[in-house]
Structure formats: C-alpha cells, structure tokens
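Here the protein sequences line up with chains A and B, keeping their order.
Heads up, the first sequence is in my numbering, so the first residue is 1 and it goes up one at a time.
Heads up, the second sequence is in my numbering, so the first residue is 1 and it goes up one at a time.
Among the hints, erroneous ones may be present.
[Stated by the list, open to error] Pairwise CB distance ranges, derived in the manner of DEER restraints:
| id | chain 1 | residue 1 | chain 2 | residue 2 | range |
| --- | --- | --- | --- | --- | --- |
| 1 | B | Ser108 | A | Asp63 | 57 to 63 Å |
| 2 | B | Asn152 | A | Ala56 | 52 to 58 Å |
| 3 | B | Glu7 | A | Asp72 | 28 to 34 Å |
| 4 | A | Lys9 | B | Pro91 | 41 to 47 Å |
| 5 | A | Asp63 | B | Phe127 | 35 to 41 Å |
| 6 | B | Glu7 | A | Gly44 | 29 to 35 Å |
| 7 | A | Pro11 | B | Ser144 | 56 to 62 Å |
| 8 | B | Glu7 | A | Arg47 | 37 to 43 Å |
[Unchecked claim] Over 12 Å on every C-beta distance to chain B, these chain A residues come out as not near it, computed from the model:
| id | residue |
| --- | --- |
| 9 | Gln14 |
| 10 | Pro18 |
| 11 | Pro60 |
| 12 | Gln68 |
| 13 | Pro90 |
| 14 | Pro165 |
| 15 | Gly207 |
[To be verified] Subject to a maximum C-alpha distance of 27 Å in a straight line, what follows is the list of computed BS3-like cross-link-like pairs (lysine-lysine):
| id | chain 1 | residue 1 | chain 2 | residue 2 |
| --- | --- | --- | --- | --- |
| 16 | B | Lys56 | B | Lys106 |
| 17 | A | Lys152 | A | Lys93 |
| 18 | B | Lys24 | A | Lys191 |
| 19 | A | Lys9 | A | Lys20 |
| 20 | B | Lys24 | A | Lys198 |
| 21 | A | Lys130 | A | Lys93 |
Since the hints were made in silico from the structure, they are not lab data.
No experiment lies behind these values; they were computed from the predicted model shown.
Every residue, glycine too, gets a C-beta built ideally from N, C-alpha and C.
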Amino acid sequence: MSFLDSLIKDPLYQSHDPRKPEEITESDVIISPDTRRENRIPPGQSRTKRWPVLDAHGAPRVDLATWQFEVDGLVEHPLAFSLDQFTQLPSVKVYADFHCVTRWSRLDNIWTGVPTREIANRAGVKPEAKYVLALAYDNDWTTNVPIEYFLKEDSLFAFLHDGAPIPPEHGGPVRLIIPQLYAWKSAKWVKGVSFLEKDEAGFWEEGGYHMRGDPWAGRDGERFRW
Amino acid sequence: MSEDYAELMTTFPLLEGFTANGTKRLLAAGEITELAAGEVLLKEGETAEFAVLILKGTIEVFVEREGKQLALTEATAGDILGELALLCGIPRSASARAKENSTVLKWSDESLHTLLLRDRSLAQRIFRETLRTLVDKERELVDSLVKAQAAN
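Model the full assembly from the supplied sequences, consistent with the hints where possible.
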C-alpha cells in the first residue's frame, strides 16, 4: 500500500476542514469552550489530520469481561463498575479538540461517555479533595489532574470517538478525556480515579512533565517543569 | 544503593523536575557500573554500544595524537557521555577514563533509544545538552584557531 493509499484508508484521517462548533447540529452535544476560539491551535502546536499513537508501554491487553473501574480516595462512597454497568450510566457527547504535548493537535472530535461530574456525584467527593489521580491498565500508569479541570463540563470517561468504539491503541475501551489540558492527562485504558487532598505526580509528571498541563497558558503551554 | 542514586539524580540540572520515582525508571533502564581510578570507559574509534550518565566521580575525556594524549574535558556527576556516537551511529570520537573512583549509569543503545522515543521531554533535554556541548567545543576551536593565527 502506498503512503497515499494508507492515508485514504485510515478511517481516522480527517480529509475535511474542522467544523465550527455552530456547525454541530445535534442538540445534545456539549461544546468544549476552546473550540470557540478564533484560533483553535494553542501556541507551539500544529494541526494533524491523522491521529498519532503515543504511549509509555504499548497498548495493554484489557480483558473486557473482567474490566473494572474503581473510584476511591476522598469520597463518601467508593465505587466499582463492570464495563456493562459503566456504559449504562448516563452519558453525554462532547465536541472537543485534542492537544498532544508532542506538538500536534487533532481538532474536531466527538466523544461519547460518562461525564466525570456523574462519577464525582455518585461517589460523593469530599470537599477536601483538590486533585485527581487517574489510574490506567498499562503497568499502573497514572496521571494527576487538578479537580477543577477534572470536573469541567467537557471532561468525561469516553467509550466512543466519532460514534465508534475507541480503538485499543487510542485508549479503549474507556479513556478519560480532559479537553482543556494536554492529552497525556486524558488517560488511556483508564481503570479508575482516586480523589486526593495533595497533588501527587503521575507517570510522566515524575519525569518532569507539568503538574497541570494547560496548552493555552503562557507562550508555549505548560509542557514541562524545566 | 540505587535508591540513593534515585534521590541524587533529582538534583542533576539535566533531570530538573524529575521525582525519585521518575529517576528510578531511568536507573531501571540501565546498569550501575563502578569504575576504578584510571579505568578506561570509552575508546576513540570503537563502536558505540552504550552511553553513560555520571552518578559520582570525574571522567576525563581525551584523544591520542602522535603518541600524545590531549585532554579535552572533564565530566562530573550529572553529565552524560558517549551519547553522540550512539545518536549519530558513528565510532567513538574520543576516549574517556575515570580520573578517580567513579560510578556511572550505563544505558545500552537500545535502552537509550527507547527512553528517548517514549519520553519527548527527556529527548529534548538530551539533544539540547549534546548540541550545547558541540557548540561550546566549536567555539573553543575557533578561539584557539584565532589565537594561533594571531601568534603567527
């Protein structure tokens, strides 16, 4: 297959220009606020039409039959869900852009999944919780997120991307999506979240990546702590 | 012992922002090697199979020309050595030996490539460091040429 063929046959390749939020006709879609910016590409980023795959250890084998999602830490009610239970929770659609710290941005994505607020409400997050540590199935990979970003209206635990199940290499069956932070905070193969009082560095953060990771901050975004 | 090095490594400017858990992963990707004073670590012209991060001690970098050794630089804790030959796929451009009893973390070619490919931040730091060293060397070379011309 030629390079061009492989592009054309890549179902995730975007041959169209990104839609504007007002072109999203479905009424029940939450519009991520950054998609309303005149320039949707954060500083130091450029648009990709493909969807590159990056990870720390490669895609783990996730057994859907035994998949479990757990919520613990500073909550009134620790929770556990099977995949069936999880996908039957109330869900939303979010229209959002996706910014990777390695300097590409994939615009125009529709995610379907369980709002992070739904999970937080069910668990009864205690007021002293200020941070969230997301845990993943790949070798206990983690990432830390300030609770105010975790609880944004456009943050969710997605199981569909543009209407199709999220492929394993992109973090399926369930991926945390936090559109307002760099994409490494959107933990692939998420298996749970823990609510914390103090910030705790996750996997990449232990290697000097930013504790918050706001792509719009400063002249080049909050990429690293050096 | 590697626990102590994990803490120590968080103080290296090259690894600014790393926590001890982060540096433990760098340690796990390599092998801690002790060098006795005088022990040769790298030999000019040899095939490059590893790079090192100096954890303790001092390593002298030198070349041999017409039977004479010419000292180029000294590297100490927190410095990385031998990465250029790996990154460029060329033979060692200089030799290096321990000036005193020293400890280094050795990363194999494969290990370093995996680290750099997975961790873009680390890659950026190491490339920056390597290029900076090269630029400094070039500047020194130009300065010594100018001096030599002035002397003529």
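Going down the list of hints, with the structure as the test:
1. B/Ser108 with A/Asp63: 57 to 63 Å: Since B/Ser108 and A/Asp63 have Cβ atoms about 33 Å apart, the given range 57 to 63 Å is violated.
2. B/Asn152 with A/Ala56: 52 to 58 Å: holds, 57 Å
3. B/Glu7 with A/Asp72: 28 to 34 Å: holds, 29 Å
4. A/Lys9 with B/Pro91: 41 to 47 Å: This hint holds: roughly 43 Å between Cβ atoms.
5. A/Asp63 with B/Phe127: 35 to 41 Å: Given range 35 to 41 Å: holds, Cβ gap about 39 Å.
6. B/Glu7 with A/Gly44: 29 to 35 Å: holds, 32 Å
7. A/Pro11 with B/Ser144: 56 to 62 Å: holds, 59 Å
8. B/Glu7 with A/Arg47: 37 to 43 Å: holds, 42 Å
9. Gln14: holds, 23 Å
10. Pro18: holds, 24 Å
11. Pro60: holds, 15 Å
12. Gln68: holds, 25 Å
13. Pro90: holds, 36 Å
14. Pro165: holds, 26 Å
15. Gly207: Contrary to the label, A/Gly207 does not stay out of reach of chain B, its closest Cβ about 4 Å off (not over 12 Å).
16. B/Lys56 with B/Lys106: holds, 13 Å
17. A/Lys152 with A/Lys93: holds, 14 Å
18. B/Lys24 with A/Lys191: Measuring from Cα to Cα gives roughly 24 Å; hence the hint holds.
19. A/Lys9 with A/Lys20: Measuring from Cα to Cα gives roughly 25 Å; hence the hint holds.
20. B/Lys24 with A/Lys198: holds, 22 Å
21. A/Lys130 with A/Lys93: Holds, at roughly 26 Å.
Against the hints set out earlier in the document, violations occur for numbers 1 and 15.
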